[in-house]
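> Here is what each chain is made of, one letter per residue.
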Amino acid sequence: MSKSGIFTSSLAKKYWMALTGLFLITFLVGHLLGNLQLITKTGEEGRRAFNEYAYFMGHNIFIKILAYLTYFSILAHACIGLYLAVQNKKARPKNYAYNKPGTNSSAASRYMAILGTIILIFIVTHMANFWWKQKIAETVPLHYVENTTDMQIGQDPMTGAPVTRKITLQSALTTNGNYLEVSAKDVESGQSQELVKIKDTELIDMNTNLHKAEGLRDLHTVVMNFFGHSEQGQPANEYALIAVILYVVSMFVLMFHLWHGFGSAFQSLGLNHRKYNGLIRFVGQAFAIVVPLAFAIIPVMIYLNR
Amino acid sequence: MASKTININLKIWRQKNANSKGSMETYKLDNVSTDSSFLEMLDQLNEQLVNERKEPIAFDHDCREGICGMCSLYINGEAHGPDRAVTTCQLHMRKFKDGETIYVEPWRAKAFPVIKDLVVDRSAFDRIQQAGGFVSVNTSGRTMDANAIPIGKAEADKAFEAATCIGCGACVASCKNASAMLFVSAKVSQLALLPQGQVEAQQRVLNMVKQMDEEGFGNCTNTGACAVECPKEISLENIARMNREYLKAMVAAE
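Protein chains in written order, with the numbering used here: chain A, 951 to 1256; chain B, 12 to 265.
No lab work stands behind these hints: they were computed from the structure.
Heads up, some of the hints might be wrong.
Cut-off 30 angstroms, straight-line C-alpha distance, at most; resulting in silico cross-link-like pairs (BS3-like, lysine-lysine) [unchecked claim]: (1) B:Lys39 <-> A:Lys1050; (2) A:Lys1050 <-> B:Lys27; (3) A:Lys1039 <-> B:Lys121; (4) B:Lys15 <-> A:Lys1050; (5) A:Lys1050 <-> B:Lys32; (6) A:Lys1039 <-> B:Lys27; (7) B:Lys27 <-> A:Lys1040; (8) B:Lys27 <-> A:Lys1044; (9) A:Lys1050 <-> A:Lys1116; (10) A:Lys1044 <-> B:Lys65; (11) B:Lys108 <-> A:Lys1044; (12) A:Lys1044 <-> B:Lys106; (13) B:Lys108 <-> A:Lys1040; (14) A:Lys1162 <-> A:Lys1014; (15) A:Lys1225 <-> B:Lys164; (16) B:Lys259 <-> A:Lys1050; (17) A:Lys1040 <-> B:Lys32; (18) A:Lys1225 <-> B:Lys169; (19) A:Lys1044 <-> B:Lys121; (20) A:Lys1044 <-> B:Lys39; (21) A:Lys1039 <-> B:Lys65; (22) B:Lys127 <-> A:Lys1044; (23) A:Lys1040 <-> B:Lys121; (24) A:Lys1135 <-> A:Lys1116; (25) B:Lys164 <-> A:Lys1050; (26) A:Lys1044 <-> B:Lys32; (27) A:Lys1050 <-> B:Lys127; (28) A:Lys1044 <-> B:Lys15; (29) A:Lys1135 <-> A:Lys1083; (30) B:Lys127 <-> A:Lys1040; (31) B:Lys127 <-> A:Lys1039; (32) B:Lys32 <-> A:Lys1039.
Please model the complete structure; the sequences and the hints are all you need to start from.
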């Protein structure tokens, strides 16, 4: 390694921006495919598929490594990017009285730092709304389903006919794919009885105090309610419309950021060849339009189907 | 073709010396031939100023045939003015309209401090060049003829295209980050593409980039403004080549 340093030289910083940027581009693909389940699957099946997917994403070791790489990439991309933006401002202490940058460069390329800052703010709020609740605060409730059935509690001594009561059984979806009954409630009297103890996501046997199963968190309902689709008896977010609009605006910002960023990353890594430049530009610009648009459709659809 | 004349208004940066503040001043110039070059127009304005017993405007110029790289000037918001692939001496007044107001400013960059009026100090480029933009040759009397090594036409052309950089600094002036990447990459490329340049290739790119950073130029964000405004149409391919060369050297150099 030369004395130029892998962090300090102007070119090394470009490599870091390019590598972290490209990694985040691959992250977008995975995240989008996961999110699309919110609108491609419906009902209890969709809810279950999404929550099982969310559990998998939080517990698979390979995904965990990718997650830490993603956190690192976001932080590094933002920090180096902001540092570069400050340095670049310093490189021209006095601005032109009259300047026409539109004649020689695209607006997206000139506003990368501002677009990136908006995206960073979006990521922070986005993580506070979902990631924080699911992984840090652990305030996301378990995935419950309720079934009301006529349950036989005895037999009429005179006629021998069965005596039934309406009982609502609440079951939690567990990591092994079953629904485990956690409480029973008599509909007429309103009396309810816990069938298992619940500690965080752990379902514990009442009598033996042994671990019975692990419940899945219901992130699906949190997301649905956040974007205005009332589910599982939870009130929908009253600011859902604002949330949807801000989400869509953020995706437009992402679109412009990717419009320049995708191809720029290749150039920074020295991957510029007349044979492939056209392909890189085409794929980059198609990606910049399709991916943010697909992301934006999800909350819009949830809101419209509320 | 009959020569036409136009009357123009000029807003020109005046600055007494490197330490003074400077400001945009307004001038009026009549009867400018549309066949005159932009520098000839400034000569005409200076003559008018001298006749009025005023200090003429200082601006850089030398060959006046587009090869020396001395003329600079940020004209109407663009390096070397609105035309493409020209230096300021090759820019003609027919590109401007009668009655138009034309802004003339010096290159703006921390690494290019203003000396006086429109003249900036571009010696930062010289120091980058001195840091590695050369090939060491034994001159003891047994110097080998450069043409003794056969070089393919395609490679020779690419090296020549990079070597057409005249070091005028339009790339720095146009770049929103005042980055010198196009200049440095052209100087790296013209040698990296040739067998003679291979011997010192790794140390060259490391040293030139290091000097570029020390001079206070900004970082490249691939806006591409430099290549559009370059009077010699140096391609962004050169920047990519320098990125490759540097990456290779950063990882592998002793």
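> Hints first: check each against the structure and report whether it holds.
Structure-based check of all given hints:
Straight-line distance between C-alpha atoms of Lys39 (chain B) and Lys1050 (chain A) comes to about 23 angstroms, which keeps the hinted pair within the 30 angstroms bound. Annotation: proposed proximity of Lys1050 (chain A) to Lys27 (chain B) holds, straight-line Cα distance about 26 angstroms (limit 30 angstroms). Pair hint Lys1039 (chain A) plus Lys121 (chain B) holds up; C-alpha atoms about 10 angstroms apart against a cutoff of 30 angstroms. Taking the CA atoms of Lys15 (chain B) and Lys1050 (chain A), the gap is near 28 angstroms; set against the 30 angstroms cutoff, the hint holds.
Proximity of Lys1050 (chain A) to Lys32 (chain B) is assessed by CA-CA distance (about 24 angstroms); at most 30 angstroms being required, the pair is judged to hold. This hinted pair checks out: Lys1039 (chain A) and Lys27 (chain B) have alpha carbons roughly 25 angstroms apart, not beyond 30 angstroms. Using a Cα cut-off of 30 angstroms, the hinted pair Lys27 (chain B) and Lys1040 (chain A) holds, with the two alpha carbons roughly 23 angstroms apart. Taken as a hint, the Lys27 (chain B) and Lys1044 (chain A) pair is honoured in the structure, with Cα atoms around 16 angstroms apart against an allowance of 30 angstroms.
The hinted pair formed by Lys1050 (chain A) and Lys1116 (chain A) fails the criterion: a straight-line CA distance of about 76 angstroms is larger than 30 angstroms. Proximity of Lys1044 (chain A) to Lys65 (chain B) is assessed by CA-CA distance (about 26 angstroms); at most 30 angstroms being required, the pair is judged to hold. Distance check on the hinted pair: Lys108 (chain B) and Lys1044 (chain A) sit about 29 angstroms apart at the alpha-carbon level, within 30 angstroms; holds. Taken as a hint, the Lys1044 (chain A) and Lys106 (chain B) pair is honoured in the structure, with Cα atoms around 28 angstroms apart against an allowance of 30 angstroms.
The straight-line distance between the Cα atoms of Lys108 (chain B) and Lys1040 (chain A) is roughly 36 angstroms, outside the 30 angstroms bound, and the hint therefore fails. For the suggested pair Lys1162 (chain A) and Lys1014 (chain A), the alpha carbons sit about 25 angstroms apart, so the restraint of at most 30 angstroms is met. Distance restraint check for Lys1225 (chain A) and Lys164 (chain B): the Cα-Cα separation of roughly 19 angstroms lies within the 30 angstroms cut-off, and the hinted pair is therefore satisfied. Taking the CA atoms of Lys259 (chain B) and Lys1050 (chain A), the gap is about 37 angstroms. The hint is violated against a cut of 30 angstroms.
As the CA atoms of Lys1040 (chain A) and Lys32 (chain B) are separated by approximately 18 angstroms, the hinted pair is consistent with the 30 angstroms bound. Proximity of Lys1225 (chain A) to Lys169 (chain B) is assessed by CA-CA distance (about 16 angstroms); at most 30 angstroms being required, the pair is judged to hold. Of the supplied pair hints, the one linking Lys1044 (chain A) and Lys121 (chain B) holds, its CA atoms being roughly 8 angstroms apart against a limit of 30 angstroms. Annotation: proposed proximity of Lys1044 (chain A) to Lys39 (chain B) holds, straight-line Cα distance about 26 angstroms (limit 30 angstroms).
The hinted pair formed by Lys1039 (chain A) and Lys65 (chain B) fails the criterion: a straight-line CA distance of about 36 angstroms is larger than 30 angstroms. Using a Cα cut-off of 30 angstroms, the hinted pair Lys127 (chain B) and Lys1044 (chain A) holds, with the two alpha carbons roughly 15 angstroms apart. Between Lys1040 (chain A) and Lys121 (chain B) the CA atoms are separated by roughly 7 angstroms; this keeps the pair inside 30 angstroms, and the hint holds. A C-alpha spacing of about 9 angstroms is found between Lys1135 (chain A) and Lys1116 (chain A), which places the hinted pair at or below 30 angstroms, so the restraint holds.
For the proposed pair Lys164 (chain B) and Lys1050 (chain A), the alpha carbon gap of about 38 angstroms is over 30 angstroms, so the pair is violated. A threshold of 30 angstroms between alpha carbons decides the hint, and for Lys1044 (chain A) with Lys32 (chain B) the separation of about 11 angstroms falls inside it, so the pair holds. Among the hinted pairs, Lys1050 (chain A) with Lys127 (chain B) is consistent with the structure: their alpha-carbon atoms are about 24 angstroms apart, no more than 30 angstroms. The hinted pair formed by Lys1044 (chain A) and Lys15 (chain B) fails the criterion: a straight-line CA distance of about 37 angstroms is larger than 30 angstroms.
Using a Cα cut-off of 30 angstroms, the hinted pair Lys1135 (chain A) and Lys1083 (chain A) holds, with the two alpha carbons roughly 29 angstroms apart. Proximity of Lys127 (chain B) to Lys1040 (chain A) is assessed by CA-CA distance (about 21 angstroms); at most 30 angstroms being required, the pair is judged to hold. Of the supplied pair hints, the one linking Lys127 (chain B) and Lys1039 (chain A) holds, its CA atoms being roughly 23 angstroms apart against a limit of 30 angstroms. The hinted pair formed by Lys32 (chain B) and Lys1039 (chain A) meets the criterion: a straight-line CA distance of about 20 angstroms does not exceed 30 angstroms.
Hints 9, 13, 16, 21, 25, 28, counting from the list given before, are not met by this structure.
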